[in-house]
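So the protein sequences, as listed, match chains A and B. For the first sequence, our numbering begins at 1 and goes up steadily by one. For the second sequence, our numbering begins at 309 and goes up steadily by one.
Since the hints were derived computationally from the structure, they do not count as laboratory data. Glycine included, every Cβ here is placed at the ideal spot set by N, Cα and C. Don't take every hint at face value.
Below are the BS3-like pairs computed for lysine-lysine, each with C-alpha atoms no more than 30 Å apart in a straight line [as the list claims (entries may be wrong)]:
{"hint": "1", "chain 1": "A", "residue 1": "Lys29", "chain 2": "A", "residue 2": "Lys113"}
{"hint": "2", "chain 1": "B", "residue 1": "Lys328", "chain 2": "A", "residue 2": "Lys258"}
{"hint": "3", "chain 1": "B", "residue 1": "Lys329", "chain 2": "A", "residue 2": "Lys58"}
{"hint": "4", "chain 1": "A", "residue 1": "Lys29", "chain 2": "A", "residue 2": "Lys133"}
{"hint": "5", "chain 1": "A", "residue 1": "Lys258", "chain 2": "B", "residue 2": "Lys371"}
{"hint": "6", "chain 1": "B", "residue 1": "Lys310", "chain 2": "A", "residue 2": "Lys58"}
{"hint": "7", "chain 1": "B", "residue 1": "Lys337", "chain 2": "A", "residue 2": "Lys258"}
{"hint": "8", "chain 1": "B", "residue 1": "Lys449", "chain 2": "A", "residue 2": "Lys58"}
{"hint": "9", "chain 1": "A", "residue 1": "Lys13", "chain 2": "B", "residue 2": "Lys449"}
{"hint": "10", "chain 1": "B", "residue 1": "Lys371", "chain 2": "A", "residue 2": "Lys172"}
{"hint": "11", "chain 1": "A", "residue 1": "Lys101", "chain 2": "B", "residue 2": "Lys449"}
{"hint": "12", "chain 1": "B", "residue 1": "Lys328", "chain 2": "A", "residue 2": "Lys168"}
{"hint": "13", "chain 1": "A", "residue 1": "Lys75", "chain 2": "B", "residue 2": "Lys337"}
{"hint": "14", "chain 1": "A", "residue 1": "Lys258", "chain 2": "B", "residue 2": "Lys357"}
{"hint": "15", "chain 1": "A", "residue 1": "Lys76", "chain 2": "A", "residue 2": "Lys168"}
Cβ-to-Cβ under 10 Å is the rule here; a few derived chain B residues that face chain A [claimed, not checked]:
{"hint": "16", "residue": "Tyr313"}
{"hint": "17", "residue": "Ala335"}
{"hint": "18", "residue": "Lys337"}
{"hint": "19", "residue": "Tyr338"}
{"hint": "20", "residue": "Leu348"}
{"hint": "21", "residue": "Gly450"}
{"hint": "22", "residue": "Phe451"}
{"hint": "23", "residue": "Asp454"}
{"hint": "24", "residue": "Tyr456"}
{"hint": "25", "residue": "Thr461"}
{"hint": "26", "residue": "Arg464"}
{"hint": "27", "residue": "Asp466"}
{"hint": "28", "residue": "Pro467"}
{"hint": "29", "residue": "Arg483"}
{"hint": "30", "residue": "Ser484"}
{"hint": "31", "residue": "Ser493"}
Here are some chain B residues pointing at chain A (derived, C-beta under 8 Å) [as the list claims (entries may be wrong)]:
{"hint": "32", "residue": "His339"}
{"hint": "33", "residue": "Pro340"}
{"hint": "34", "residue": "Thr346"}
{"hint": "35", "residue": "Val351"}
{"hint": "36", "residue": "Glu354"}
{"hint": "37", "residue": "Lys355"}
{"hint": "38", "residue": "Leu452"}
{"hint": "39", "residue": "Ser453"}
{"hint": "40", "residue": "Cys463"}
Single-letter residue listing:
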Amino acid sequence: MFGYLRPEREELKVREYELYRSVYCGLCKSLGKDYGIISRLTLSYDCTMLAMLTASLKSECSHVSDGRCRVNPLKKCLMCDIEGEAMHLAGAVSVIMTYYKLSDTIADSGFLKRTGARIIRALFKGSLKKAGKSYPEIESDVREMVQAQQIAEENDSGIDASADPTAKLLSKLCRRLSDDEMTQLVLERFGYYLGRWIYIIDAADDLEKDIKHHSFNPFIKEQRKTPEETYLFCNETLNMTAAQLIMAYELLELGSYKEILDNVVYHGLSFQQRECLFEKKSEKKDRKMKKQRHKDYYTFLSGGTDRR
Amino acid sequence: MKDPYQVLGVSRSASDEEIKKAYRELAKKYHPDKYNDTPLADVASEKMKEVNEAYHAITAERKNGSPDSSRSSAYSSSYDSSYSSSYSNSYGSSHQSLFDEIRAMINGGNFSAAEEMLSGIPSDERNAEWYYLMGVVVYRKGFLSDAYNYFQTACRMDPSNEEYQSMFRRIQQQRSGSQGGYNASSSSAANDCCDICTCLICTDCLCNGCR
Numbered sequence: 001m002f003g004y005l006r007p008e009r010e011e012l013k014v015r016e017y018e019l020y021r022s023v024y025c026g027l028c029k030s031l032g033k034d035y036g037i038i039s040r041l042t043l044s045y046d047c048t049m050l051a052m053l054t055a056s057l058k059s060e061c062s063h064v065s066d067g068r069c070r071v072n073p074l075k076k077c078l079m080c081d082i083e084g085e086a087m088h089l090a091g092a093v094s095v096i097m098t099y100y101k102l103s104d105t106i107a108d109s110g111f112l113k114r115t116g117a118r119i120i121r122a123l124f125k126g127s128l129k130k131a132g133k134s135y136p137e138i139e140s141d142v143r144e145m146v147q148a149q150q151i152a153e154e155n156d157s158g159i160d161a162s163a164d165p166t167a168k169l170l171s172k173l174c175r176r177l178s179d180d181e182m183t184q185l186v187l188e189r190f191g192y193y194l195g196r197w198i199y200i201i202d203a204a205d206d207l208e209k210d211i212k213h214h215s216f217n218p219f220i221k222e223q224r225k226t227p228e229e230t231y232l233f234c235n236e237t238l239n240m241t242a243a244q245l246i247m248a249y250e251l252l253e254l255g256s257y258k259e260i261l262d263n264v265v266y267h268g269l270s271f272q273q274r275e276c277l278f279e280k281k282s283e284k285k286d287r288k289m290k291k292q293r294h295k296d297y298y299t300f301l302s303g304g305t306d307r308r
Numbered sequence: 309m310k311d312p313y314q315v316l317g318v319s320r321s322a323s324d325e326e327i328k329k330a331y332r333e334l335a336k337k338y339h340p341d342k343y344n345d346t347p348l349a350d351v352a353s354e355k356m357k358e359v360n361e362a363y364h365a366i367t368a369e370r371k372n373g374s375p376d377s378s379r380s381s382a383y384s385s386s387y388d389s390s391y392s393s394s395y396s397n398s399y400g401s402s403h404q405s406l407f408d409e410i411r412a413m414i415n416g417g418n419f420s421a422a423e424e425m426l427s428g429i430p431s432d433e434r435n436a437e438w439y440y441l442m443g444v445v446v447y448r449k450g451f452l453s454d455a456y457n458y459f460q461t462a463c464r465m466d467p468s469n470e471e472y473q474s475m476f477r478r479i480q481q482q483r484s485g486s487q488g489g490y491n492a493s494s495s496s497a498a499n500d501c502c503d504i505c506t507c508l509i510c511t512d513c514l515c516n517g518c519r
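I would like the entire structure built from these sequences, with the hints used as guidance.
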């Protein structure tokens, strides 16, 4: 369920891209500080987006400084530190969500994967307790969501009802980001459609796998004659959600990070839809090769001018 | 009141043209028709009012050389979001009064009660209006796929009704990806373009090599 909310790199300005990277690295550092080194593994693009959204809405101050990556100490990187709640909230959400996602894996997977997930989950237990202490409402909301999700799956619900628990969770989470009543209303809707979009794209992305393993997926009932048509249907459902999400987003008053958040909403979502639904794995490889070819071409060009 | 320049997102030194452009963009963004039938209609119209006031405050200030707030309110357009104008009586069934009651509930913002009443109507007595109203209720809740199906059924049962058609068209437009998301049908054309470009670049490359 993670990693779908990210900016499209090609549409970012270089300084925006560096700022984004610095928030990502800063969140990793903050996770390490708050919950210990193991919790750094929970770092995700979605929580980076949450940190930026929080900072933007609460107009919290950020400082960028030089640092070194803990995972790869040879790599220098910029680290962003945000004064206020943004990083702590995003870190707590990251830890809590990962823990419950692992619990979900334990419940649905085969023996080997289950045992693996159990071991990793045990490592996160301490972090979860700490996060739950700082943000008890978020933990109870997530627990509620997991239960509601189970009920939805048992009832073999349609797309809307299956997406509802995740959507509601994000709705509650986003509502927390403002104290102004009107903004809360907007954030509630924004969060709802954001959660819905994440759930649906995750379901569409896993469709093939779920059909193979006979797992629950709301799109199984909605299958069309060919896989292509099914994916077109998934895309339409996502478009509808994105349109609503953008309508709510446009009513938000954002400060810093607005350009990056705009990029996620206007380009990132569409890019992810294309990537997950219409580009099969072989094509992805093909794209990588194309990129390499472009690189070769540019080196060739620069080499060519030197020779002249 | 907020600084009108800040509301429009322009600097104090911006030209009249720039202000007009910023105003037009914001007015398009917050246009009440876009938010019709969503829970954010009130917020959007509030923003629209703010933008209108800011624009007129700036134009008045520039004309007279001093801020003039008394005129600004006269300009702000009022927007009526109620359904009353578009009542349809094409069916004239025994449930008409009940449907009117449900519409009143929807206008009043009492969606769960409206949904409960709609669900209480037995399935063989469900007409186009039932499907339309049910669509409106679940659309507000965020159940977009169900809403799409309801509106589709309503349009199929009563193709001549403009109210159902316009709602269905709106949702169809959203599904196409023109208002966010990914438009899958245009992708093949874009790919072809890219291929042509790559071809040209490669040819160009060869030409450079020859020189």
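Cross-check of the supplied hints:
The suggested pairing of A:Lys29 with A:Lys113 holds, with an alpha-carbon distance near 29 Å, which does not exceed 30 Å. Pair hint B:Lys328 plus A:Lys258 holds up; C-alpha atoms about 23 Å apart against a cutoff of 30 Å. Using a Cα cut-off of 30 Å, the hinted pair B:Lys329 and A:Lys58 holds, with the two alpha carbons roughly 28 Å apart. The straight-line distance between the Cα atoms of A:Lys29 and A:Lys133 is roughly 20 Å, inside the 30 Å bound, and the hint therefore holds.
Taking the CA atoms of A:Lys258 and B:Lys371, the gap is about 33 Å. The hint is violated against a cut of 30 Å. The straight-line distance between the Cα atoms of B:Lys310 and A:Lys58 is roughly 18 Å, inside the 30 Å bound, and the hint therefore holds. The hinted pair formed by B:Lys337 and A:Lys258 meets the criterion: a straight-line CA distance of about 16 Å does not exceed 30 Å. Taken as a hint, the B:Lys449 and A:Lys58 pair is honoured in the structure, with Cα atoms around 27 Å apart against an allowance of 30 Å.
Of the supplied pair hints, the one linking A:Lys13 and B:Lys449 is violated, its CA atoms being roughly 37 Å apart against a limit of 30 Å. This hinted pair does not check out: B:Lys371 and A:Lys172 have alpha carbons roughly 47 Å apart, beyond 30 Å. For the hint pairing A:Lys101 with B:Lys449, the CA-to-CA distance comes to about 26 Å; that is within 30 Å, so the pair holds. Distance restraint check for B:Lys328 and A:Lys168: the Cα-Cα separation of roughly 39 Å exceeds the 30 Å cut-off, and the hinted pair is therefore not satisfied.
Under the criterion of a C-alpha separation no larger than 30 Å, the hint pairing A:Lys75 with B:Lys337 is inconsistent with the structure, at around 43 Å. Taking the CA atoms of A:Lys258 and B:Lys357, the gap is about 23 Å. The hint holds against a cut of 30 Å. With a C-alpha separation of about 39 Å, the suggested pairing of A:Lys76 with A:Lys168 is violated against the 30 Å cut-off. Checking B:Tyr313 against chain A: minimum C-beta separation of about 15 Å lies over 10 Å; hint violated.
Given hint, B:Ala335 at the interface with chain A, is violated; its Cβ is 12 Å from that chain's nearest Cβ, farther than 10 Å. The interface hint given for B:Lys337 is met, as the beta carbon of that residue sits about 5 Å from the closest beta carbon of chain A, less than 10 Å. The closest approach between the C-beta of B:Tyr338 and any C-beta of chain A is roughly 7 Å, which is under the 10 Å cut-off, so the hint is satisfied. Because the beta carbon of B:Leu348 sits about 6 Å from the nearest beta carbon in chain A, less than 10 Å, this interface hint is met.
Hint status for B:Gly450 relative to chain A: holds, with the closest Cβ pair at about 5 Å, below 10 Å. The interface hint given for B:Phe451 is met, as the beta carbon of that residue sits about 4 Å from the closest beta carbon of chain A, less than 10 Å. Interface hint status for B:Asp454: upheld, as the beta-carbon distance to the closest one in chain A is roughly 5 Å, under 10 Å. A cut of 10 Å between beta carbons decides the hint on B:Tyr456: the least distance to chain A is about 7 Å, and the hint holds.
For B:Thr461, the interface hint is violated, the least distance from its beta-carbon to any beta-carbon of chain A being 15 Å, above 10 Å. A cut of 10 Å between beta carbons decides the hint on B:Arg464: the least distance to chain A is about 18 Å, and the hint is violated. A hinted interface residue such as B:Asp466 counts as satisfied when its beta carbon comes closer than 10 Å to some beta carbon of chain A; here the least separation is about 23 Å, so the hint is violated. The beta carbon of B:Pro467 is not positioned within 10 Å of any beta carbon in chain A (closest approach about 21 Å), and the interface hint is therefore violated.
Hint status for B:Arg483 relative to chain A: holds, with the closest Cβ pair at about 4 Å, below 10 Å. The restraint placing B:Ser484 at the interface with chain A holds, with a minimum CB-CB distance near 7 Å, inside the 10 Å limit. Contact between B:Ser493 and chain A, as hinted, is supported at the beta carbon level, the nearest pair being about 9 Å apart and thus within 10 Å. Contact between B:His339 and chain A, as hinted, is not supported at the beta carbon level, the nearest pair being about 11 Å apart and thus beyond 8 Å.
Look at B:Pro340: its Cβ only gets to about 12 Å from chain A, farther than 8 Å, so that hint breaks. Annotation: interface hint on B:Thr346 holds; nearest CB of chain A at approximately 7 Å, less than 8 Å. Annotation: B:Val351 was flagged as interfacial toward chain A, and the flag holds, the nearest CB pair being 5 Å apart, inside 8 Å. Contact between B:Glu354 and chain A, as hinted, is supported at the beta carbon level, the nearest pair being about 7 Å apart and thus within 8 Å.
The interface hint given for B:Lys355 is met, as the beta carbon of that residue sits about 6 Å from the closest beta carbon of chain A, less than 8 Å. With a cut of 8 Å, the hint placing B:Leu452 at the interface with chain A holds, because the nearest CB-to-CB distance is about 5 Å. Contact between B:Ser453 and chain A, as hinted, is supported at the beta carbon level, the nearest pair being about 5 Å apart and thus within 8 Å. A cut of 8 Å between beta carbons decides the hint on B:Cys463: the least distance to chain A is about 16 Å, and the hint is violated.
Hint violations for this structure: numbers 5, 9, 10, 12, 13, 15, 16, 17, 25, 26, 27, 28, 32, 33 and 40, all remaining hints satisfied.
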